[in-house]
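Protein sequences appear in the order of chains A and B. Following our numbering, the numbering of the first sequence begins with 1 at its first residue and continues without gaps. Following our numbering, the numbering of the second sequence begins with 1 at its first residue and continues without gaps.
A couple of the hints might just be wrong.
[Said to hold, decoys possible] Estimated spans, in silico, between C-beta atoms of each pair:
1. A/164 x B/21: 38 to 48 Å
2. A/7 x B/234: 38 to 48 Å
3. A/169 x B/352: 23 to 33 Å
4. A/159 x B/242: 57 to 67 Å
5. A/214 x B/20: 37 to 47 Å
6. B/15 x A/185: 27 to 37 Å
7. A/304 x B/21: 21 to 31 Å
8. B/324 x A/118: 44 to 54 Å
Just so you know, the hints here were simulated from the structure itself, not pulled from any lab data. On a predicted model such as this, the values are computed, not experimentally measured, just so you know. Built from N, CA and C at the ideal position, the CB exists for glycine as well.
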Amino acid sequence: MDFSSLSPVAMIVLLIGAATPILLAALGELVVEKSGVLNLGVEGMMIIGAVTGFIVATTTGSPILGLVGAAVGGAVVSMLFAFLTQYLLSNHVATGLALTLFGLGLASLMGSSYNGIKPPRMARLEVDGLSDLPIVGKLLFSHDPVIYFSVALVVAVWYFLNRTRAGLVLRACGENHDAAHSLGYNVQLIRFGAIMFGGACAGLGGAYVSLVRVPQWTEGMTAGVGWIALAIVVFASWKPWRVILGAYLFGGITILQLSLQALGISISGAYLSMTPYIVTIVVLVIMSADRKRASLNAPACLGRSFHASH
Amino acid sequence: MLRLEQRQQPSKAMLYLTPVMAVLATMAVGGVLFALLGIDPFRAIYLLFIDPFVDSYNLSQLFVKASPLILIAMGLSIGFRAGVWNIGAEGQFIVGAIAGGGVGLALWGMEGWWILPLMTAAAALGGALWAMIPAVLKIRFNANEILVSLMLVYVAENFLAQMVQGLLRAPDGRGFPESRNLGRNDATSLPDVFPALGIDAGGVVMLILLAGAFFLLQKHALGFQIKLTGDSPRAARFAGVNPSVIIAVCLGVSGAAAGLAGLFELTGAAGKLTIDFPVGYGFTAIIVAFLGRLNPVGILLAGVVLAGTYIGGENAQFALRLPAAAVTVFQGMMLFFLLGFEILINYRVKRVRRAV
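Could you put together the complete structure from these sequences and hints?
The following block contains the structure:
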């Protein structure tokens, strides 16, 4: 077997690409869950983002506009979930599942005439001089804009949640919605906004799959990435900097598994394709096993509807 | 201005009315969607919601689609009642079909009435064991059963791909990734019982199990404990209900039911295992369970309605060039409407004048 084709630098570059959709979706879901809402519709919002991003990018010829379109698409479809859970007080779990089922169907309906088309290519941000540096240039200075954006978003989300008043209010809604309400905050509106932010992030992540990672449109192409993102939030104990760690870990497993398949190792491809999902389960088990710590980290009002009776 | 006011007691009338309202609202909004797609809305609604129940050929397909949906939804509803969210029925469906189909393929060429029951038992066991993975991880390690059971769907799909390329591939199939056709062999194909409605032996088993579920939930202490756990986990613990037992029972039963549905699909409608064997019944069954109000009788009705949309959707693909995905959108929309209307059970809408 020839392992020399596995260059560590190239692997890390690939890993970051594979991790970015998960990172974006998980960051969005983190904010949603911090506000006390459990949105299981991440997969549905991602696939809607993937298809709207693809449609906008191919019709306008601009991948950046595609990304914007995807974020808008994800946010719009998340409003269905937001309206139902916040104003009609529906069960978060059931509504999230509905969003995923609906999103998968709607995306294939929207994308049915876009099969087999190539989207416009996303240019990499290259810095003269820096990008040509050995190793460092490839690792740090030769990615596409979305990757830099996703890392910046980690910092921004951390700053927002932990260093701003608005972030504190959002967390208050997630920890004790009655207290937040009695202080005069509009819990439902704040949660509505958080859900839309989550939808935009998931949409962006989906578009990264259809515009950069694959790049083409096929039905069901997000293949469970949205669900893995949900697991990453648990893995991260609802901390932004751990989300990036978790996402890159999963990116690494995906790339390792794909490289092993390409090497023609004696394990069958179908078994290797299972590994990201099995690792997700293992990670969930490890992170949840300590009940006390797990319940300390989770927002106290996660998944509970709020209705102001007065 | 409209305001929501909590009812003293949940409205019984609304409990039964909301699913009907959801179906009607789906028809109305769906009609608008069809008009936007440039399809005659009245014709499309007729094909999707009425034609499946009046045309005799369509009727003969009704329970071919409804049986797996109802069987899976019946199992899921027991868990949903207890707040145990098994959403990996699609995976349990696949594993059940592989386990039961594997037994049938291993006994290929043999004759005997006992082969089909043996396959059925293997399928139920396979589905139940697959569902015990999230159950054990939930009980022992507190891992979220929603995510674990869903991840296992992707594992099961890859496992199926591996099986039809390897162990279970037909030796005389010229290398196609598919198993032998179990439907061509009397010993491994389901006998028809009531062909006019598409009810085969699997459909009969489904109806018996549905009656069993009704008994369990209405008359049996375990059913009471399941409902109690769902309504108030704390009260259930004080009443001495062991939550681990409830989790294991709920996931075990729903896994076994999904596994059975997988085998009935394999030995009935599908005939052979291929990569495209799973068609999403495991996910649509979630909609059936909710639309049927997690109640066995309701699930029977909801399963028939959803089966109708599948059959009508296929017909509309030919007659009106309706895209296949439109049916999935419809089914998702139905669940959205249902969840939205559910507020009317516990709240009433009141007009209030804004205070100055």
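- Query: Against the structure shown, which of the earlier numbered hints fail to hold, in ascending order?
  - Reply: Violated: hints 2, 4 and 8.
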